[in-house]
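Engineer: Input sequences plus hints: build the corresponding full structure.
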Amino acid sequence: MAGFRKAVIPSDDIENAKELFDYNLISEDQYYSITNDDWESNEDGKGDLADWLGKPQPKLEDSGTSRDDKAKQQARWQGSRVFFVPLPTSSDRSASSVSQDRAIHLLDTTRNLYNIRPEDRQVVYNYLRERLHAKKHPSMADLIQSYNGARASIQSTKVANDLAYIQADEIDVVGCTVTGLMKYRQLISSLRPQILLMEEAAEVREGDTIAGLLPSIEHLILLGDHQQLQPHVDMVELASDPYRLNISMFERLIKLGIPHKTLLQQRRMIPCLREIVQLFYPKLVDHTPTISKLPLQVSGVSKPLWWFQHDWPEEPGFCNGTSLQNFREAQMIVLFVQYLVTLRNIPPERITMLTYYRGQVDALNKQLAANQKLASLEIEWSVRTVDGFQGEENDIILLSLVRGPNGKAGFLSQENRAIVGLSRARVGMYIFGHQQVLLKHPRRTWSKVIRQIGENQGRSLPLRPDPDTDNVVQVDHPDQFKPILRNARHKMPRKESQKGCYSSGSEKGAQPESHGARTVERPPKNQAPESKAPESKAPESSLSQDAPSPQVRLRFWTPNLPSLPPERPVDTTESLASDIELLSFEDSQTVPISHQLAWDITPLQPATEEAEEQWLIEFSDGEGREDK
1 MAGFRKAVIP SDDIENAKEL FDYNLISEDQ YYSITNDDWE SNEDGKGDLA DWLGKPQPKL
61 EDSGTSRDDK AKQQARWQGS RVFFVPLPTS SDRSASSVSQ DRAIHLLDTT RNLYNIRPED
121 RQVVYNYLRE RLHAKKHPSM ADLIQSYNGA RASIQSTKVA NDLAYIQADE IDVVGCTVTG
181 LMKYRQLISS LRPQILLMEE AAEVREGDTI AGLLPSIEHL ILLGDHQQLQ PHVDMVELAS
241 DPYRLNISMF ERLIKLGIPH KTLLQQRRMI PCLREIVQLF YPKLVDHTPT ISKLPLQVSG
301 VSKPLWWFQH DWPEEPGFCN GTSLQNFREA QMIVLFVQYL VTLRNIPPER ITMLTYYRGQ
361 VDALNKQLAA NQKLASLEIE WSVRTVDGFQ GEENDIILLS LVRGPNGKAG FLSQENRAIV
421 GLSRARVGMY IFGHQQVLLK HPRRTWSKVI RQIGENQGRS LPLRPDPDTD NVVQVDHPDQ
481 FKPILRNARH KMPRKESQKG CYSSGSEKGA QPESHGARTV ERPPKNQAPE SKAPESKAPE
541 SSLSQDAPSP QVRLRFWTPN LPSLPPERPV DTTESLASDI ELLSFEDSQT VPISHQLAWD
601 ITPLQPATEE AEEQWLIEFS DGEGREDK
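Take the sequence shown: its position 360, counting from 1, is numbered 360 in the UniProt record's numbering, and each next residue is one higher.
Note that these hints are calculated values from the structure, not bench results.
Heads up, a few of these hints could be off.
To be verified - Calculated cross-link-like contacts (lysine-lysine; reagent style PhoX-like; alpha-carbon spacing at most 25 Å):
id : residue 1 : residue 2
1  : K408      : K448
2  : K158      : K183
3  : K448      : K303
4  : K135      : K18
5  : K482      : K448
6  : K408      : K440
7  : K366      : K482
8  : K303      : K482
9  : K283      : K261
10 : K135      : K283
11 : K183      : K18
12 : K448      : K255
13 : K373      : K482
14 : K408      : K373
Quantities reported herein were computed from a predicted structural model and do not represent experimental measurements.
Structural biologist: This is the structure we're talking about:
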């Protein structure tokens, strides 16, 4: 016990006769029988019992201890809080029931305690002492029983009040966690629910599911994916036979062949990412109205799916080595994030860095804090473990596998964890890791993934940093990002980005917009364009030789074709140049072309052979994002 010093002393002190009388352990006659002697020196009554027992109290005299010695003894206890723990004597521990019965008999039949034989007096005293201690210090069991009774009374009153409130407000649906269901079981049971719907049931231990089946439940609905994360078990031994606590009731019932329904349409990711997930869900198909509204490219990157292969060794994570990290891999990922955010103006909240190890989470956070450009943004970056990200998603996922050629696959070989990591991205997924250590494992989880990725892998990242050309720059080391970031910053200064865009943003004033080789100035919002006579050529002030032109061609769909200004000629010979600036990932937000172009500019029309490709991405039906 911190802050205390313990002093253990023997409990051979004689009890006070007055206390025995006050606690009704001896009668008035018995009390006066041993205190009637006029002892002037026995004010506390201890000397009476001591003399009765034949153990007279020694008279306290000055032993000649010097004042300095007394001061030293007193100083030993100064500065500390002391509590004393009395040790019971042997008689306290070994008093038999026979001795207690004899003591009770002697006390009941004797008014004068001196009439008790001297050899029986110790037995009587031991009995009186035990009774006195029991009355002065109630046992822990009695205290716990008293506490539980008071707590149960308070809890019963609280449940009654909560139940009355819920019924008065006619609340039909109660939501809680599995732990909350156990904690408030009395209240929920009082509501007599008939339907129990359990989300992420594949992660709930079977015992917790059974405990949630209240007597009034008539219909149990389990939702989840038994191919993803299993229930967490603290002890590895309990996850093996014969216990298997890591198997949920949801998974057990499905493997037993219980009839169930499977959702086959996915509304999250673009087709090339869906093909990876389809390795584990063969019947998975796209929900076309939703998926068609997603862009098929990430600005500044050659491909939306890529595996960056490296040979950087892994290292122990944290100071105690309980996890793993890969310093060079963390550097590469953070600089890639800087490239996407500062050069391509991708909003940081659209990027999530995932890893299977907490040590790598720590390494990524340290790299983010050390990066001046990213640290100056003062935002909370999304750096998560794969296990903690189940059920969530983001537009761009950077998956850090950490493992290097000096390690082994570990639990990366577990298929359920691989599925979770590979199914979080919507628009772009970039995997960083050493492939060979995964291919050596007898489980074929990652081998089929690598085979499906095909040509979308290599020992460098294929970037397109120059918006004026389609040149691809291969980056295979963190140091190679520095000239790209420096040169691009001089050529294309970063402007305030539009939330939800995957390309260069626009300023709050006049907003330049590029179509082909031509750049026009858009008026600010809420400002009507000036009326001008039709000209065959745009004003010279609106032309810009350094304006960025689109470097990728995106695929869009016919229903989003904007209406053209009335009575304006259409130039069908001019091919469509997709403007990635118009891509919006905001739900229920539409950016019409007619609001962004001045009326004196000849609008562009897509070629007839590509009528299904248009300019606009629209999320007007709320299907673009499931986790908003």
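Engineer: Now tell me, hint by hint, if it's right for this structure.
Structural biologist: Cross-check of the supplied hints:
Under the criterion of a C-alpha separation no larger than 25 Å, the hint pairing K408 with K448 is consistent with the structure, at around 18 Å. About 13 Å separates the Cα atoms of K158 and K183, which keeps this hinted pair within 25 Å; it holds. For a cut-off of 25 Å, the pair hint linking K448 to K303 stands: about 20 Å separates their Cα positions. A threshold of 25 Å between alpha carbons decides the hint, and for K135 with K18 the separation of about 14 Å falls inside it, so the pair holds.
Straight-line distance between C-alpha atoms of K482 and K448 comes to about 35 Å, which puts the hinted pair past the 25 Å bound. Only pairs whose Cα atoms come within 25 Å are accepted, and K408 paired with K440 is accepted, the gap being roughly 9 Å. Restraint check: the Cα-Cα separation between K366 and K482 comes to about 19 Å, which is no more than 25 Å; the hinted pair holds. Distance check on the hinted pair: K303 and K482 sit about 21 Å apart at the alpha-carbon level, within 25 Å; holds.
For the given pair, K283 sits about 13 Å from K261 by alpha-carbon distance, which is consistent with the 25 Å threshold. For the hint linking K135 to K283, the alpha-carbon distance of about 75 Å lies beyond 25 Å, and the restraint is violated. Taken as a hint, the K183 and K18 pair is broken in the structure, with Cα atoms around 50 Å apart against an allowance of 25 Å. Annotation: proposed proximity of K448 to K255 holds, straight-line Cα distance about 24 Å (limit 25 Å).
A distance of roughly 12 Å separates the Cα atoms of K373 and K482; the hinted pair therefore holds under the 25 Å criterion. Between K408 and K373 the CA atoms are separated by roughly 35 Å; this puts the pair beyond 25 Å, and the hint is violated.
The structure fails to meet hints 5, 10, 11, 14 from the earlier list, while all remaining hints are met.
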